[in-house]
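Colleague: Below are the chains, spelled out letter by letter.
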Amino acid sequence: MNLHHVIEAQQFDVPTMLKLFDTAAKMETVVAGGGITDYQNRIMATLFYEPSTRTRFSFETAMHRLGGHVISTENAAEFSSVAKGETLEDTIRILNGYADVIVIRHKEVGSAKRAAAVSRVPVINAGDGAGQHPTQALLDLYTIRKEIGTIDGLRIAMVGDLAQGRTVRSLAYLLSKFRGVTMYFVAPPLLKMKEDILEHLREHKVSFVEETALDKVLPEVDVVYQTRVQKERFGDRIADYEKCRGVYIINQDTLRGMKPKSIIMHPLPRLEEITMEVDEDPRAAYFRQAQNGLYVRMALLTHVLK
Amino acid sequence: MNLHHVIEAQQFDVPTMLKLFDTAAKMETVVAGGGITDYQNRIMATLFYEPSTRTRFSFETAMHRLGGHVISTENAAEFSSVAKGETLEDTIRILNGYADVIVIRHKEVGSAKRAAAVSRVPVINAGDGAGQHPTQALLDLYTIRKEIGTIDGLRIAMVGDLAQGRTVRSLAYLLSKFRGVTMYFVAPPLLKMKEDILEHLREHKVSFVEETALDKVLPEVDVVYQTRVQKERFGDRIADYEKCRGVYIINQDTLRGMKPKSIIMHPLPRLEEITMEVDEDPRAAYFRQAQNGLYVRMALLTHVLK
Amino acid sequence: MNLHHVIEAQQFDVPTMLKLFDTAAKMETVVAGGGITDYQNRIMATLFYEPSTRTRFSFETAMHRLGGHVISTENAAEFSSVAKGETLEDTIRILNGYADVIVIRHKEVGSAKRAAAVSRVPVINAGDGAGQHPTQALLDLYTIRKEIGTIDGLRIAMVGDLAQGRTVRSLAYLLSKFRGVTMYFVAPPLLKMKEDILEHLREHKVSFVEETALDKVLPEVDVVYQTRVQKERFGDRIADYEKCRGVYIINQDTLRGMKPKSIIMHPLPRLEEITMEVDEDPRAAYFRQAQNGLYVRMALLTHVLK
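Residue numbers (numbering that gives the first Met the number 0), protein chains in the order written: chain A, 0 to 305; chain B, 0 to 305; chain C, 0 to 305.
Derived from the structure by calculation, the hints contain no laboratory data.
Hints are supplied without guarantee of correctness; some may be wrong.
One copy or two, either will do: identical chains are not told apart, so a pair holds if it fits within one copy or between any two.
[Stated by the list, open to error] Pairs of lysine to aspartate or glutamate, EDC-like flavour, derived with a Cα cap of 20 Å: (1) Lys-145 to Glu-209; (2) Lys-106 to Glu-77; (3) Lys-260 to Asp-214; (4) Lys-25 to Glu-198; (5) Lys-258 to Glu-231; (6) Lys-145 to Glu-210; (7) Lys-230 to Glu-77; (8) Lys-25 to Glu-241; (9) Lys-193 to Glu-88; (10) Lys-191 to Asp-252; (11) Lys-230 to Glu-85; (12) Lys-242 to Glu-88.
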């Protein structure tokens, strides 16, 4: 396994993912044992052009648990106080002199790819706008495998904003590489999964069902992957946003309709789309899913820093 | 001594405080010797919803001197760039997957308690609005004990904004647990110590005197605890603020009225309420007091991380 | 060599610089070998009153490569959330209780000197407004020496904003301490090198030439030191700014006029004043120059932390 830049979910084939998940499982043991110091000479730069403390903390914790150092900014637009106009490429070239790995988050689709194009050291995409967030997709798959035991044969409902949610789009793409998976896309008409993904699934003969009623699919599925209707992706189409939010709420009733061995996932943050009462149910896997992000990112760091 | 969350001054009894101060004294030796690396596998998260570089630096230095790692934000309101509405509880649950101890600062009274209620890992309150700032109260007591030699029998003047200053309120509360302490509350009528604390002192038979003239009490006291009249606590009552600020200034004249073995304390930052000329006097203890914050926070960290 | 505070370029004599450059060269080996952990008990505070991620990252990487710890703010104006009015001196006194070295960046000329005046621990100036940025001047000299082999006898063109650029002013000053240097000041009339520096050069019998045409001096020089016309230094004199920017652009044509063994330097960030096509030329030394900043800052840290 020879991993350098981590830019998009599509770059991962099944053997690479399985290898990575093996390493992530080892990282669970490492963390339980209090972390290691093997990477105490390595520096990770977190270059965030928009603040996302959650994602930044997850990566920084991963590096610290490996014993490494971190240089960090959530304010990368101010990389220089005197010249807002510096190109991303120049910034990356300079960071190559400082860091052994660069984790970048940016508002613009394609920024991580641009960064990687000029970087000698590995670049990891921590989200580029409406584009990719590959480490999220990987930790989602890792969670499914760990909770359900296998990915082959999985029946999964993806719920909510499937049109704009980069998480579910990447996840659908990655799941299509496994065998016998059936996907249920549960969304209001305005937020349906887009044709490019559906076309990809047809082409690869992956079963999928489009549905508007959540309760119909609940008894069928191993995983309910809930998402938030993201207000900020609607721009000024407030009326559309109001129409779509709150259509699918996961609550005690939802739980009653689900299989005993199934799980509920959510990329977090959650707002009203999963009620607090659900948290206590053992099927509520979303906080464990967030925790898995740490192990998967530790695994990625160890592979790209080899 | 079994310390987990550190939420409010009231949770500390005298034996716990004395135990903690013993550890803090040991930490002075540790720092003088260049720090230790015993905690190199531990991670502290500083989760600040409002910036306070001073307090954050004090905690982060404490963790670094113990050899530990830090993940840090002064921008926790942006914990997720995409959903401002995430609950504090969800944020804490996620941080439980990353950090071994969480230091929280928040604008709202009671936030630290809410955080602790859902946290497996220790939560330390670094100030919640007009509420508590228990580590400040502890370092104040530690300073008094170290500078004066004992707390029993202490005569202390608290000066300035006693109505709204959380520091003096907590300190008065903690001092009431020691023997033979006399407190002089020196404040303009608008900023008098509030009735809840006075009632508590009466109930526990602690001597106190209310006074408006500082010079009358100066010859009596071992400690002058000066505070700043905090403009931000007055809201738009600018006239009241202007009336109260600058009533009590500690300067060369004040020093002449004080006992030779007494000290001047201040939680810092100070503005005009202590003049610069006072800094050179050996009785000016406020910078040593700030330094003691480091030792007390190191001590707290070692106890909660056990 | 006994170095404590690093406040201005003028404080360095030639033997001190050469000693420092020897250490910096050793640091190149240290970094290539993966860094050291000798400074794992030391803490550096970066106290930035204005954000400059580039400079901050350079210093923090330097400290991390030495094994040290960092406490960091780009938001030092908010050192306390409650009192904007705290003096710089009080902030420094408090930081003396936390850190072993303080790196300060501030908008006001003279701030670093004020900080040093009250600080027991070393203070390093990382830029004070239009004043000094001594570590930049040192890394510039280090780069020249490393790339050209020697500083004595150097022929260097400084190009662009010589009136307001603190970088070229400091560099001219430091170069005047070496033998046989000739400086070509290439600037539009509005941005000419100021009389104080010219007077200093005359006094020390250093050769210099004032010129407005870049192409005339190109065949003569070993170093072309390009600078950016800094919009922010013009305030509201927009017309003057527009007149001056873009007068000297380094591009393929410029390269053709230059000696084969010469180099192009730039303090970065660069905007339009060096075109991207130049980056591939081996004479383009500006990214190597940025990298040298790391070695020089590591060297400075080891000397002041002795």
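Colleague: If a hint holds in the structure, say so; if it does not, say that too.
Modeller: Results for each hint:
no. : hint               : in the structure
1   : Lys-145 to Glu-209 : neither (27 Å within a copy, 65 Å between copies)
2   : Lys-106 to Glu-77  : both (14 Å within a copy, 15 Å between copies)
3   : Lys-260 to Asp-214 : within (17 Å within a copy, 74 Å between copies)
4   : Lys-25 to Glu-198  : neither (37 Å within a copy, 58 Å between copies)
5   : Lys-258 to Glu-231 : neither (33 Å within a copy, 54 Å between copies)
6   : Lys-145 to Glu-210 : neither (27 Å within a copy, 67 Å between copies)
7   : Lys-230 to Glu-77  : between (26 Å within a copy, 16 Å between copies)
8   : Lys-25 to Glu-241  : neither (44 Å within a copy, 59 Å between copies)
9   : Lys-193 to Glu-88  : neither (32 Å within a copy, 34 Å between copies)
10  : Lys-191 to Asp-252 : neither (24 Å within a copy, 54 Å between copies)
11  : Lys-230 to Glu-85  : between (31 Å within a copy, 14 Å between copies)
12  : Lys-242 to Glu-88  : neither (41 Å within a copy, 28 Å between copies)
This entry does not satisfy hints 1, 4, 5, 6, 8, 9, 10 and 12, going by the numbered hints stated previously.
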